[in-house]
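Participant: We have chain E; now place chains G and X with the ligands onto it with these hints.
Each chain, written out:
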Amino acid sequence: MSKVLFASISKKFVMALAGLFLLTFLPVHLIINFMLLKSDPAPFNAAAHFMATFPLVKIFEIVLMAAILIHVTYGIFLQISNWLARPVGYVSGSKAETSFFSKFMIWTGATVLTFLVLHFFNFYFIKLGLVEGDPENFYSVAHDLFRIPAYNYIYLACFVMLGFHLYHAFSSAFQTLGLNHRIWTPIVKKIALFYAILIPAGFASISITLWLFS
Amino acid sequence: MGKLDAKIPAGPLAQKWTNYKATTKLVNPANKKKLEIIVIGTGLSGAGASSALGELGYSVKTFCYQDSPRRAHSVAAQGGINAAKNYQSDNDSVYRLFYDMIKGGDFRAREANVYRAAEVSNQVIDHYTALGVPFARDYGGTLNTRSFGGVQVSRTFYSSGQTGQQCLLGTYSSLNRQIKSGNVKMFPRREMLDLVLIEGKARGIITRNLVSGEIERHSAHAVVLATGGYGTIYFLSTLAVNSNASAAWKAHKKGAFFANPSFVQIHPTSIPQLNEFQSKLTLMSESLRNDGRIWVPKTKGDKRHANDIPEEERDYYLERRYPTFGNLVPRDVASRAAKERCDAGYGIGETGLAVNLDFRDAIKKQGKKAIENKYGNLFEMYRNITGIDSYVEPMRIYPAGHYTMGGLWVDYELMTTIPGLYSIGESNFSDHGANRLGASSLMQASGDGYFILPNTINNYLSGEISVPKISTDRLEFAEAEKASIERLNKLISIKGKKNAGSFHKRLGKIMWDHCGMSRNEAGLKEALKLINELKEEFWKELNVTGSLNEVNPELEKAGRVADYFELAELLVTDALNRKESCGAHFREEYQTPDGEAMRNDEEFTYVAAWEYAGEGKPPVLHKEELKFEEVEMKVRSYK
Amino acid sequence: MKLTLKIWRQKNASAKGNFETYQMDNVSPEMAFLEMLDSLNKRLVEEDKDPVAFDHDCREGICGSCGMYINGHPHGPVPAITTCHLSMRFFKDGETVWIEPWRAKPFPVIKDLIVDRTAFDKIQIACGFISVNTGSAPEANNILIPKKISDEAFNSAICIGCGACVAACKNASAMLFVSAKISQYALLPQGRVEAKERVRAMVDKMDEVGFGSCSNTGACEAECPKQIKITNIARMNREFFKAF
Ligand SMILES: Cc1cc2nc3c(=O)[nH]c(=O)nc-3n(C[C@H](O)[C@H](O)[C@H](O)COP(=O)(O)OP(=O)(O)OC[C@H]3O[C@@H](n4cnc5c(N)ncnc54)[C@H](O)[C@@H]3O)c2cc1C
Ligand code: SF4
Ligand code: FES
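Chains as they are written, first to last, in my numbering: chain E, 1 to 214; chain G, 1 to 639; chain X, 1 to 244.
Calculated from the structure, these hints are not laboratory results. Wrong hints could be hidden among the right ones.
[Claimed, not checked] No farther apart than 16 Å at their CA atoms in a straight line, the calculated lysine to aspartate or glutamate pairs in the EDC-like style are these: (1) G/Lys-180 - X/Glu-197; (2) G/Lys-180 - X/Asp-204; (3) E/Lys-3 - X/Asp-204; (4) G/Lys-498 - X/Asp-50; (5) X/Lys-42 - G/Glu-541; (6) G/Lys-498 - X/Glu-47; (7) X/Lys-49 - G/Glu-550; (8) G/Lys-497 - G/Glu-541; (9) G/Lys-495 - X/Glu-47; (10) X/Lys-11 - G/Glu-550; (11) G/Lys-368 - G/Glu-393; (12) G/Lys-498 - X/Glu-46; (13) G/Lys-497 - X/Asp-50; (14) G/Lys-490 - G/Glu-537; (15) X/Lys-229 - E/Glu-97; (16) G/Lys-540 - X/Glu-46; (17) X/Lys-42 - G/Glu-276; (18) G/Lys-497 - X/Asp-48; (19) G/Lys-300 - G/Glu-312; (20) X/Lys-42 - G/Glu-556; (21) E/Lys-3 - X/Glu-208; (22) G/Lys-374 - X/Asp-151; (23) E/Lys-95 - X/Glu-221; (24) G/Lys-497 - X/Glu-47; (25) G/Lys-201 - G/Glu-476; (26) X/Lys-148 - G/Asp-138; (27) G/Lys-557 - X/Asp-50; (28) X/Lys-147 - G/Asp-138; (29) X/Lys-170 - E/Glu-97; (30) G/Lys-495 - X/Glu-46; (31) G/Lys-497 - X/Glu-46; (32) E/Lys-103 - X/Glu-221; (33) G/Lys-495 - X/Asp-50; (34) E/Lys-3 - X/Glu-197; (35) G/Lys-495 - X/Asp-48.
Next comes chain E alone, as it looks inside the complex (with noise of 0.2 Å):
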């Protein structure tokens, strides 16, 4: 049973599934962000507010921060040994046609990684005291943000990099899940393509109007 735990196979299946509830919590909290674009801060400190303090999210908290940790501990086995897998590589390249994005995957996911972190510095651990800050009052602080036009550069370059890590990501779950089907498996792409570009250009919208329209 514990080889079962710990075969490529189990990983991969326990890293799709946490990215996939990872994908879930995306559109949340671009809705929450859309509150931003609003001049009256109070919606969106309410909103921050309740994310915060209701039990019930909570604990989805906890299984976020959880399938994050979980995604990138894989992620970064799974590619350790692969990359192990490959000690000596090609000359001459490879000149395979492949889904371009897969490619990069650990980049891509590094880059949405960093950010990660300086996101939370800038909100999650003033949330949990860890850093100073007032948590009733993300608005002003994210405006602020918005603000510094380097910090937009970084975020805009950030959701790039996430849009590509979604795309592939999005199918190859399905795939990982031993989801491929004749029918389906291509709409899942199409799917993916809509989701990949939708989201990331949700957050950057926001960002971009409130760095150059307030």
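Facilitator: For chains G and X with the ligands alone, coordinates are given in the frame of chain E:
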């Protein structure tokens, strides 16, 4: 060595095998573990035998020269595998399959063996199916068959154009199961260099580890050769380029008789030689003849594009000469007819050594889709190699060396003239006479390996149970090893200029020109002379780079070519001796006025089993007279 | 035509190895790739130099022996064929051709372009079979299998075990190869009996011998000479979860 005793069991033909199995001596299960068996070869016969012997509890050691047993040349068989299931209710039966084989072999095979091969054929299909071999099926879920190779019933089971691959992978899987169980120990990348005899019995082999170059000794209570055919003696053939006769030849030099070496099947439908560098001829499955029509232009040297030659200027020579069977005549007949047309100057293409295989009419009648469904992968393969699209213009084909009916002489138990040495599959001579019918070799190789040898070897081994594990420290092993090393060093020490491959190519040309599809006395004598000259040149001008103790494909090749020189002489000698035309052996002196083969049953109804008499001495001929009790010998006619 | 060959030369498993350059002046577009190498080797032997070692046998695309990494592609730039079927007419006059061995930790180089692929055999030995003894099989037509399923099993069964999927994969993953075998048996009723043990044992062994894991990149499928599909990998994953 006295008279050849085939040890055919008494009783009526249909009862012989049953009787044999019921009365043969057995080995107690507890003793089996202590008995070791060496199997060389992992084709359908070798891997099949290893699996079955392992299942019985023997300690088996199996060898092959490839990196994995899954690559034995059985993998390349395309068309199918015969069985007398009579699933189509078309009057097929064990007897009919037996009769077709005997007749197809032009009455030069041993009745009892052939009957038994037909008898076990059904079990072979059952076994492969149980092993998960995906044979073609009908919509109702039952197995499908097709008709193949010049017979009038539909008894050929197939997996698209990859039957050999699927059967071999099935066999490989059963071999793996035994490797896992520990009953079989697998030694890949090993080449057998010599057979070791102790007190006249086969007791082991000398091998070279093709990775480390190490020379190794392996002992056993019995040795089984399943080393395939020697068609690469023609250099260009449909066999794998590393196929060789060395193992069988070494056994021959140690006392195993070599039977009917000149019976070599030339397959009519292979892609012709395109250029001088070519290393291999690719077979286009015989099944293509079910729908393709073979023709050449009626005018000599007509260089027009095939599609520009009108119907009335085409000579469908097979349909013309053999109205009953038409394009479906057996292989030997089809091959010779192609050669006849090309020799007469009607051949097509730059070399004039090719004929058309045309699907125009079939496509017109059945539609492109239907043809694609049946032969899609073959058309694709043809296009990859030649760049020609056979949906719009005819394929070009020409005969190629393909299968060796000849091989080590074996008795009913598949034992050679050396006690404890067995030979199975294509490496023996037993079941196909002077010509093999399509799809009967996979059947025979599988039957030999899975169902026959495991039932006959007990008879010998029951007498060996008191023989303890044989030590490889014995003098006989040391001597054989020394001789092998000396020979390899000799090859390395010539230090000439030419590589072994170039000699192989030249030898192949001699054999093809003088001892191929048709033979005559003068040509054969000329061949003997040429072989000898080339052999001398070989031993003077060969260059083998590298050393003994490393991966050295040049050394492997040189050893195989050196053996081929010797076998080539025997092959030609046998062809000279057989003053008749039968099956694939066509002696120009013995033909009817309209060019058909003329057998001489009076004088040649025998198996020519040759004994090695020593370096430079002519081989000694032993005759096993063939008695036909069940069938009447007829002139084989496909008109 | 003229070609410049850059070939990986490595004396043995422990030697270091490097690329050697060979000038080929007389390559005919009619040659097969391996025949082009044959002609190079003939020349090398005539010059008393060590010829290039490579695996090959059937030379008709079915045994799976041959395999070289040519200009960024396992089995060369033409899809759906093996190295032995690769014709020189697909190369341009004056082209430089890089020839490398398969690269993967479980496929160590033995010499030059020859690698050790016994890792594949080990996986098959783990449970790549149906346990049936000779003689105990039922009558073949007692097992009815829908044609569609049987054909699908066949499409998975045609893998030649060449290792190009591993060579192509950036992770040196063997999942296409393993899943093809698992699929064949998983689809057939004969194979279902041991389906759970099989998938566990084979996946275990696959991990143990050191292949990477699949990241659904699809290079294997793109480069497989037998066009084995990655839907097999999804099926293997399904089978694996079912085996808990
Ligand atoms: C292209 C082609 C198509 C064919 N199509 C059909 C068909 O459709 N139907 C049919 O019935 N038959 C067909 N045949 C014939 C049939 O495939 C073979 O006769 C049969 O598979 C031979 O099986 P085997 O077990 O005797 O030997 P093989 O499969 O040839 O195996 C020989 C084994 O011996 C080993 N070996 C040889 N020498 C040595 C040595 N010195 N040391 C160590 N190991 C050694 C090799 O490694 C190999 O494992 C075809 C043959 C060819 C070439
Ligand atoms: S899956 Fe394809 S590439 Fe991989 S070993 Fe099989 S045939 Fe070769
Ligand atoms: S040599 Fe057999 S597949 Fe290429």
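Participant: Taking the hints in turn, state whether each one holds.
Facilitator: Cross-check of the supplied hints:
| no. | hint | in the structure |
| --- | --- | --- |
| 1 | G/Lys-180 - X/Glu-197 | holds (14 Å) |
| 2 | G/Lys-180 - X/Asp-204 | holds (15 Å) |
| 3 | E/Lys-3 - X/Asp-204 | holds (8 Å) |
| 4 | G/Lys-498 - X/Asp-50 | holds (13 Å) |
| 5 | X/Lys-42 - G/Glu-541 | holds (14 Å) |
| 6 | G/Lys-498 - X/Glu-47 | holds (9 Å) |
| 7 | X/Lys-49 - G/Glu-550 | holds (15 Å) |
| 8 | G/Lys-497 - G/Glu-541 | holds (6 Å) |
| 9 | G/Lys-495 - X/Glu-47 | holds (11 Å) |
| 10 | X/Lys-11 - G/Glu-550 | holds (9 Å) |
| 11 | G/Lys-368 - G/Glu-393 | holds (13 Å) |
| 12 | G/Lys-498 - X/Glu-46 | holds (6 Å) |
| 13 | G/Lys-497 - X/Asp-50 | holds (13 Å) |
| 14 | G/Lys-490 - G/Glu-537 | holds (14 Å) |
| 15 | X/Lys-229 - E/Glu-97 | holds (14 Å) |
| 16 | G/Lys-540 - X/Glu-46 | holds (14 Å) |
| 17 | X/Lys-42 - G/Glu-276 | holds (14 Å) |
| 18 | G/Lys-497 - X/Asp-48 | holds (8 Å) |
| 19 | G/Lys-300 - G/Glu-312 | holds (15 Å) |
| 20 | X/Lys-42 - G/Glu-556 | holds (15 Å) |
| 21 | E/Lys-3 - X/Glu-208 | holds (11 Å) |
| 22 | G/Lys-374 - X/Asp-151 | holds (14 Å) |
| 23 | E/Lys-95 - X/Glu-221 | holds (13 Å) |
| 24 | G/Lys-497 - X/Glu-47 | holds (8 Å) |
| 25 | G/Lys-201 - G/Glu-476 | holds (11 Å) |
| 26 | X/Lys-148 - G/Asp-138 | holds (9 Å) |
| 27 | G/Lys-557 - X/Asp-50 | holds (14 Å) |
| 28 | X/Lys-147 - G/Asp-138 | holds (6 Å) |
| 29 | X/Lys-170 - E/Glu-97 | holds (12 Å) |
| 30 | G/Lys-495 - X/Glu-46 | holds (10 Å) |
| 31 | G/Lys-497 - X/Glu-46 | holds (5 Å) |
| 32 | E/Lys-103 - X/Glu-221 | holds (15 Å) |
| 33 | G/Lys-495 - X/Asp-50 | holds (13 Å) |
| 34 | E/Lys-3 - X/Glu-197 | holds (13 Å) |
| 35 | G/Lys-495 - X/Asp-48 | holds (9 Å) |
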